[in-house]
Amino acid sequence: MQEEKEKVLESGSFYFLNQQFKMAIKIYRKGLKEYENDADLLFNLGIVYESINDTEHAKECFKKILEKDKNHEQARKHLEKIIKT
Amino acid sequence: MDKKKEHVYAVIGLGNFGNAVATLLSEKGMEILAIDEDENKVENIVNKVAHAVQMNATNEQSLKEIGMEDVHTAIVSVGDDIASSLLICTYLKDTLKIKHVIAKATDQKHARVLEKIGVDRIIFPEYESAKRLADSLVSPNIFDMIELSDKHNIVEIKAPSSFFGRTLEEIDIRKRFDVNIIAIKRNVPTAKDGFMNDFEETTIISPSPKEQIVEGDVLVMIGLKEHLENIEKI
Chain A
0 MQEEKEKVLE SGSFYFLNQQ FKMAIKIYRK GLKEYENDAD LLFNLGIVYE
50 SINDTEHAKE CFKKILEKDK NHEQARKHLE KIIKT
Chain B
0 MDKKKEHVYA VIGLGNFGNA VATLLSEKGM EILAIDEDEN KVENIVNKVA
50 HAVQMNATNE QSLKEIGMED VHTAIVSVGD DIASSLLICT YLKDTLKIKH
100 VIAKATDQKH ARVLEKIGVD RIIFPEYESA KRLADSLVSP NIFDMIELSD
150 KHNIVEIKAP SSFFGRTLEE IDIRKRFDVN IIAIKRNVPT AKDGFMNDFE
200 ETTIISPSPK EQIVEGDVLV MIGLKEHLEN IEKI
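Read top to bottom, the protein sequences are chains A and B. In this text, residue positions in the first sequence follow numbering that gives the first Met the number 0: the first is 0, and each later residue adds one. In this text, residue positions in the second sequence follow numbering that gives the first Met the number 0: the first is 0, and each later residue adds one.
Hints were generated in silico from the structure; no laboratory data involved. A hint or two may mislead.
Ranges between beta-carbon positions, derived for each pair [stated by the list, open to error]:
id: 1; chain 1: B; residue 1: E210; chain 2: A; residue 2: N70; range: 37 to 45 Å
id: 2; chain 1: B; residue 1: K115; chain 2: A; residue 2: K67; range: 56 to 64 Å
id: 3; chain 1: A; residue 1: N36; chain 2: B; residue 2: T202; range: 32 to 40 Å
id: 4; chain 1: A; residue 1: K62; chain 2: B; residue 2: A82; range: 23 to 31 Å
id: 5; chain 1: A; residue 1: N70; chain 2: B; residue 2: E199; range: 22 to 30 Å
id: 6; chain 1: B; residue 1: L147; chain 2: A; residue 2: F13; range: 38 to 46 Å
id: 7; chain 1: B; residue 1: Q53; chain 2: A; residue 2: F13; range: 53 to 61 Å
id: 8; chain 1: B; residue 1: K108; chain 2: A; residue 2: K76; range: 14 to 22 Å
id: 9; chain 1: B; residue 1: T202; chain 2: A; residue 2: Q73; range: 22 to 30 Å
id: 10; chain 1: A; residue 1: N70; chain 2: B; residue 2: K108; range: 48 to 56 Å
id: 11; chain 1: B; residue 1: D119; chain 2: A; residue 2: K25; range: 49 to 57 Å
id: 12; chain 1: A; residue 1: F13; chain 2: B; residue 2: D143; range: 17 to 25 Å
Being a predicted model, the structure only gives us computed values, none of them experimental. Cβ coordinates follow ideal geometry from the N, Cα and C atoms, glycine included.
All chains should be built: construct the whole structure from the sequences, respecting the hints.
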């Protein structure tokens with residue numbers, strides 16, 4: 000189970016690093032159907048959206064993480080940065 | 000010219016705006032003399048700036064006694080108290096001969112008198128924030144705008160999808176729209192251990208014609224307002 004999630008994270012990051020943002024988004028979204036509201040997948044997806052200035056979708060991802068774990072510092076940091084822009 | 004003095008600022012009036020300006024300047028390494036007659040406001044800033052003084056700045060003698068002669072730039076933000084603002088600015092310009100005085104105005108009448116006193120720069124922070132917000136709501140693809148003159152602007156605009164994967168040479172923006180791209184702001188993807196995504200904010204100044212536009216790029220462009228508006232419509 001954990002191995003499968005790692006594969007999704009690895010594959011999503013591969014596309015993200017190669018600036019194939021649509022593919023990265025597709026992979027994380029598919030992964031989230033399997034691992035609903037998983038913080039790692041949501042965080043990576045949020046970062047992809049933030050990096051392409053799609054702030055509305057990025058906010059949704061970071062908010063979902065914080066609903067489950069209000070101590071997720073990285074999600075909080077990115078959400079605050081978007082809101083203050 | 001005494002170089003040291005250029006780094007010395009006075010901020011008079013420590014409400015939300017004055018506090019923020021003083022704190023941000025201090026974070027940028029400037030030496031700040033922060034002044035307010037409200038003890039709580041001085042307490043709030045005392046650990047963030049070089050000097051914080053509780054005093055009534057409309058008292059000319061007190062201003063002379065606190066070392067204002069070292070100040071290169073003074074920022075006056077005493078809220079809605081127009082009389083105090085005018086009195087303080089007069090002392091700063093006429094008596095203390097402060098080189099650069101910036102004052103916050105509440106309305107146009109206030110601004111006109113400040114101008115007559117010789118204030119070097121008059122600001123309307125609330126109006127400026129409101130204008131920025133209104134612009135961003137009407138044109139969501141515009142991230143920032145600087146008015147250079149009545150006719151010319153610098154705008155930061157999200158690259159349209161039709162530009163993705165094409166070089167500046169191929170897009171030929173100067174010929175098509177008569178504007179120049181002076182920089183590209185780009186978030187470069189990175190990843191940490193365990194495939195956790197991140198990105199670095201970079202700015203490509205004077206990009207080469209061979210530079211390829213990628214999704215998420217923000218184009219910093221200069222040109223006539225009407226020409227820049229044509230790009231917003233793409």
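Verification of the hints:
no.: 1; hint: E210/B to N70/A: 37 to 45 Å; in the structure: holds, 41 Å
no.: 2; hint: K115/B to K67/A: 56 to 64 Å; in the structure: holds, 60 Å
no.: 3; hint: N36/A to T202/B: 32 to 40 Å; in the structure: holds, 35 Å
no.: 4; hint: K62/A to A82/B: 23 to 31 Å; in the structure: violated, 47 Å
no.: 5; hint: N70/A to E199/B: 22 to 30 Å; in the structure: holds, 26 Å
no.: 6; hint: L147/B to F13/A: 38 to 46 Å; in the structure: holds, 43 Å
no.: 7; hint: Q53/B to F13/A: 53 to 61 Å; in the structure: holds, 59 Å
no.: 8; hint: K108/B to K76/A: 14 to 22 Å; in the structure: violated, 44 Å
no.: 9; hint: T202/B to Q73/A: 22 to 30 Å; in the structure: holds, 24 Å
no.: 10; hint: N70/A to K108/B: 48 to 56 Å; in the structure: holds, 51 Å
no.: 11; hint: D119/B to K25/A: 49 to 57 Å; in the structure: holds, 55 Å
no.: 12; hint: F13/A to D143/B: 17 to 25 Å; in the structure: violated, 33 Å
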